[in-house]
Amino acid sequence: MKYNILLILFCSLLLFAACIGDDVLDDAVDPVLRISNPIDSLELGSSYALMYNYFNNVGQPEIVDAVWSSSAPDIISINDQGLAEGLQLGSAQIELNYTPATGPPISTSLSIGVGENTVLSSGSRSGSIVSSSSYLLQGDFELLEVPGNALQLRFAENYAASTALPGLYVYLTNNPETNVGALEIGRVTVFSGAHDYSIADVGINEYGYVLFYCKPFNVKVGDGKINE
Amino acid sequence: MARSMSKIRGAMVVLFLMSGTPDLLAGGPWTQPQGKGYFKLSEYWIVYDRHFTDVGLTDPNTTTGIFNTVLYGEFGLTDRWTAIVNFPFLSRNYMNNVVSGTTGEILVPGEAINTIGDTDIGVKYGLNKPGSAWPMALSLTLGLPLGNPSAGALENLQTGDGEFNQILQFDVGRSFRLGQKVNAYAAAHAAFNHRTNGYSEEIRMGLEAGANLMKSNLWLILRLANWESLKNGSTAESITSTSIFANNTEFTSFTLEAAYYVYRGWGLSAAFGGAFRGEIVAAAPSYQVGVFWDMNR
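Chains as they are written, first to last, in numbering that gives the first Met the number 0: chain A, 0 to 227; chain B, 0 to 296.
Where hints are given, some of them may not hold.
Stated by the list, open to error - Derived contacts from chain A toward chain B, CB cut-off under 7 Å, selection only: (1) Ile19; (2) Asp22; (3) Asn56; (4) Gln59; (5) Ser127; (6) Val129; (7) Ala163; (8) Val179.
What the hints assert, rightly or not - In silico lysine-lysine, DSSO-like type, Cα no more than 27 Å apart, as pairs: (9) Lys35/B - Lys128/B; (10) Lys214/A - Lys230/B; (11) Lys214/B - Lys180/B; (12) Lys230/B - Lys35/B; (13) Lys180/B - Lys128/B; (14) Lys35/B - Lys219/A.
Hints are computed from structural coordinates only; laboratory data are not their basis. Cβ atoms here follow ideal geometry from the backbone N, Cα and C, with glycine treated the same way.
Work the whole structure out from these sequences, hints included.
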C-alpha cells in the first residue's frame with residue numbers, strides 16, 4: 000500500500016507540467032506626429048510638399064488625417080495636402096494637428112522662413128544612450144544622412160556597453176519599450192569607443208529612439224531619444 | 000556508526016539538484032559500501048522573472064521556467080569507490096508569451112522545449128578507510144553535454160550549456176552527536192570546474208550540516224554554496240557567433256532540505272533553495288521534491 004502511494008505520488012510529480020503563460024509588457028508611449036521632410040526656408044514664389052508620419056500609442060505607424068495650418072498665411076500658405084507656398088518674405092509657423100478618437104490632441108510645428116532658396120533641414124540628429132537596466136550602457140550618438148537615402152549611426156568615443164549579455168542588438172524604433180516593430184540594425188559587436196553603423200533605405204525622421212535590447216531574452220538594456 | 004553514515008549519505012545527495020546546475024559530488028566525503036547504493040527520482044524546478052546581472056543587481060526578464068525530472072544514483076563499486084550518475088531524462092525549458100499591455104496582442108510568442116538534459120557521471124574515492132573520524136574523498140565528475148543548448152526561434156531555450164565539464168572535488172566531513180540521541184554531521188567541499196567551449200572555469204565551495212530527528216527517520220539539512228567564476232572565458236566581445244552564452248555565473252546560495260524515511264529504505268524528500276547574491280544567474284527560489292531508495296537501510 001505504501002509503495003502504491005509513493006508510486007502515485009511520484010507519477011503525479013512526473014505529470015507536473017509547466018505551462019507557457021503571459022507576461023504583460025507596458026508598451027504604451029505617447030503618440031507623435033513627425034514631419035518627415037522638414038525645411039528651414041522656402042524659396043519665394045515656390046511651393047514645397049510637406050509630409051508627415053503618425054505613430055500611435057504603441058509606436059506603430061498609422062495613416063491619419065492631420066490638419067495643416069500656417070500662423071501667417073500671407074507669408075506661407077499651406078493646403079490640406081501639406082503643400083506650402085512662399086508668398087512673401089518673412090517667416091511663419093507651420094502647425095500640424097491631429098485629434099485621435101481617444102486621448103488628447105497631438106501637434107507638431109515647424110518654423111519656416113521665406114527667402115531666396117529652399118533649404119532642407121539639417122540632415123543630422125543626435126542624442127545620448129542611457130542604461131535602463133543595471134548593465135553598462137552609455138555614450139553619445141549622431142544619426143547622419145548619407146547619400147543614397149541611407150543613414151549612418153555614429154557612436155562617440157564615450158560609448159560603452161556591457162559584454163555580459165549574450166545577444167545585445169541595436170535598433171531604431173518609435174517605441175523604446177520593445178523591439179517589436181523596431182528596425183534591427185544589427186548585433187552589437189563593439190562594446191567601447193567610437194564606431195558606426197550604416198543603415199540603408201531609411202529616412203532620418205522615421206524613428207525617434209535608438210534602442211539596445213537583449214534580443215534572445217527580451218530584456219531592454221537602454222535607449223536614447225533622437226533629438227530633432 | 001556505519002548505520003548513521005548510510006543515513007547521512009542518503010540525505011545529502013540532493014545538493015546538486017537544488018543548485019540548479021550540476022554539483023554532482025557535493026554530497027560529502029562518505030562513499031557507498033560495496034554493492035550498496037542510493038537512488039532517487041525527483042523533480043527540480045525554478046521559475047524566474049528576474050535575474051542577477053553582471054554587477055550583482057537584479058533586472059527583469061521574460062518569465063522563464065526550468066523543470067528537470069532527474070534520476071540520480073550512487074553505487075558502491077568497492078567500499079572506497081562509488082560510481083555516481085545524474086541523469087535529467089526530461090528537461091523542460093519554457094519562456095512566457097510577451098503580451099502588449101496596450102493592445103493585448105502577443106508581441107513575442109512563448110516557446111518551450113522538452114529534451115534530456117546535460118548528464119553527469121562521476122566517481123568518488125574515499126581517501127581514508129570507511130568509518131574514519133574525519134573521512135575525506137576525492138571526486139571526478141564529467142558533465143556530458145547531452146542537452147540542447149540553443150532551441151526555439153530565437154535559440155534562447157536551453158536544456159544544457161553545450162560544453163563538457165570536468166570537475167575535481169575534495170570533500171571532508173565529520174559525524175557527531177547532538178546531545179545523547181541526535182546524530183548529526185558537518186561537511187565541506189572545494190572543487191575546480193574546468194570547462195570547454197569558451198566558458199569560464201569555476202571554483203566551487205560548500206558547507207553543509209544535517210541533524211537526524213524523529214527516531215532517525217528525518218534528516219534536516221542546511222547547505223551553503225559559493226561558486227566563483229575565474230572569468231577567463233569568452234564574452235560577447237570575443238565571440239563572433241550569435242549563440243546564447245550565459246557565462247561567468249556566480250552565486251552564494253542556501254538550501255534547506257527535509258528527507259524522511261517512510262518505509263525501510265524508501266523515503267521522500269523536499270528542498271527549497273535561494274541565493275544571497277549572484278551574477279548572471281536566475282534570481283528566484285528553486286524547489287525539489289523526490290522519492291529515494293537507500294539500500295543501506
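Evaluated hints:
{"no.": "1", "hint": "Ile19", "result": "holds, 4 Å"}
{"no.": "2", "hint": "Asp22", "result": "holds, 5 Å"}
{"no.": "3", "hint": "Asn56", "result": "holds, 6 Å"}
{"no.": "4", "hint": "Gln59", "result": "violated, 9 Å"}
{"no.": "5", "hint": "Ser127", "result": "violated, 21 Å"}
{"no.": "6", "hint": "Val129", "result": "violated, 15 Å"}
{"no.": "7", "hint": "Ala163", "result": "holds, 4 Å"}
{"no.": "8", "hint": "Val179", "result": "holds, 4 Å"}
{"no.": "9", "hint": "Lys35/B - Lys128/B", "result": "holds, 17 Å"}
{"no.": "10", "hint": "Lys214/A - Lys230/B", "result": "holds, 23 Å"}
{"no.": "11", "hint": "Lys214/B - Lys180/B", "result": "holds, 9 Å"}
{"no.": "12", "hint": "Lys230/B - Lys35/B", "result": "violated, 40 Å"}
{"no.": "13", "hint": "Lys180/B - Lys128/B", "result": "holds, 25 Å"}
{"no.": "14", "hint": "Lys35/B - Lys219/A", "result": "violated, 52 Å"}
Checked against the numbered hints given earlier, the structure breaks hints 4, 5, 6, 12 and 14 and satisfies all the rest.
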